[in-house]
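Undergrad: Once you have looked at the hints, place chain B on chain A.
The primary structure of each chain is shown beneath.
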Amino acid sequence: MKLSWFAPWRGKNCGPAGSESADLVCREAVELVTAYLDDALEPGQRAALERHLAGCEHCDEYFAQIRLVRQTAAQVEPEDLAPAARVDLMALYQQWRVDPESASSDGSDASDIADS
Amino acid sequence: MLGRVESDDELVVRLRIGDQDAFAVLVDRYHTRLTRFAHSFTPRAELAEDIAQETWLGLLRGLDRFEGRASLRTWLFQICANRARTLAAKEGRLIPVDPTDPDAPTVDPARFGPDGAWSQPPSPWPDAAAQEQEQDAELVERVRVAITRLPDSQQQVVTLRDVEGLSAAEVCRVLELTEGNQRVLLHRGRARVRALLEQEVATK
Chain A
7 MKLSWFAPWR
17 GKNCGPAGSE
27 SADLVCREAV
37 ELVTAYLDDA
47 LEPGQRAALE
57 RHLAGCEHCD
67 EYFAQIRLVR
77 QTAAQVEPED
87 LAPAARVDLM
97 ALYQQWRVDP
107 ESASSDGSDA
117 SDIADS
Chain B
21 MLGRVESDDE
31 LVVRLRIGDQ
41 DAFAVLVDRY
51 HTRLTRFAHS
61 FTPRAELAED
71 IAQETWLGLL
81 RGLDRFEGRA
91 SLRTWLFQIC
101 ANRARTLAAK
111 EGRLIPVDPT
121 DPDAPTVDPA
131 RFGPDGAWSQ
141 PPSPWPDAAA
151 QEQEQDAELV
161 ERVRVAITRL
171 PDSQQQVVTL
181 RDVEGLSAAE
191 VCRVLELTEG
201 NQRVLLHRGR
211 ARVRALLEQE
221 VATK
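Chains A and B, in that order, give the protein sequences. Residues in the first sequence are numbered from 7 upward in steps of one, following the working numbering. Residues in the second sequence are numbered from 21 upward in steps of one, following the working numbering.
Among the hints, erroneous ones may be present.
[To be verified] So the derived list for chain B, only partly shown, Cβ under 10 Å to chain A, looks like this: (1) R24; (2) V25; (3) Y50; (4) R64; (5) L77; (6) P141; (7) L159; (8) E161; (9) T179.
[Said to hold, decoys possible] Which bits of chain B does chain A cover? Going by a derived footprint, with three or more residues having C-beta under 8 Å, they are: (10) 31-45; (11) 170-176; (12) 183-195; (13) 200-207; (14) 212-219.
Just so you know, these hints were derived from the structure itself, not from any lab. Note that CB positions come from ideal geometry on N, CA and C, so glycine has one too.
The shape of chain B in the complex, shown without the other chains:
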């Protein structure tokens, strides 16, 4: 079956009958994604690796109860978030609450005049329209770094929504957020990434 990419569902079926190769494929597919996500809960790389490993144990132990109502991917991230919270708590590290006021503006109010119109508008990014069409390795790297600089909760939502491509409903489920809170965190996170990139363009 060379060249055919097996779906997660097919791999789960094989995993249930004890097929080690199916586990290897899933590990290749998701382990570094899980580690990256776990890293948004802790600055310690080795703890993030532990969390990702524990996630696989959670998967194996929960296989019998996995009913396929959520996607396997969502379920993995859910187990991972759960382990991250537990391990971080065990380490005496409280999960910090996002210190930003959810109602605070995401664009510096000083950039608008008294009438609410831009007084310092965003400077157009170089060929922003063209970049929407083509991959730009340097821009991708800047965005990657900017996301790692977000407050934890914003980083978690932006990682799952924009990097991993989960739906809003899936992110709410993984992170135990209401739809409104999920959107606020996504909104603040994206605006912050944009602002960081704007600074870099300005200082380049």
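The shape of chain A in the complex, shown without the other chains:
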């Protein structure tokens, strides 16, 4: 993603008067949230963003909401396995044990993926 990092029109800072976090504007700051959370920003970019966040309650709120989305997504549980699906899968296993080649719905091979 290209970031309009040194936007020529930057200058006004949404933080409190006297703050020195003038490097970034909000519109740019919000596009850095994912790289920031992945710790993938250059040190200078990171410092500028942190200065901005320290002085901008709105961006701070935006970042908190993105963190909340991420954290809440981690709590989304998978469904329970339906008993019928378990029966099907164990039958699939049995079929594979008896004849490893025949146990497929279409004869194609999904195992051609190395883990390295």
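TA: Just chain B, lined up with the frame of chain A:
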């Protein structure tokens, strides 16, 4: 060995010597996760179920070649993504390219003034700080639904990174993405989920 949770690696060892119970444990652990992931490639539930089933066959057939360099979980998702692409292609359904411009802003530009500062800032979510600490079943359900409304490629990345907890490198491997593309999709997906939740809060 009541109460002890066996690691995936231990189960693979047992599976290799023909232990059916190990397969049953793995199926319990991963099948509905695989089905959910497969669903991000196709809107058809029965096709997603087929893809997940084929994934298990892929696992069984590839056991001898599994060297444990990737985690079993990553490998399962990798087989699943591969099967999803193949089956979707067979059905004549092209995997849609994410139509969104990767460089487009993720927050509506109209919400910023000419100086780039917020003109319509995000309204604070009710006790967002407190919710970071405790599980909120209603919020979890909203996030779950919002993720299913994402474009496919964003949904795949958000599901693997944020729901399943895979690392960026693992997601790149499963979905055959560059690190940069992976981050763009994650960024757009999370921002979209946040925006959907914001709308719901506003209309509540």
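Undergrad: Check the structure against each numbered hint from earlier and tell me which ones fail, lowest number first.
TA: 1, 2, 4 and 11
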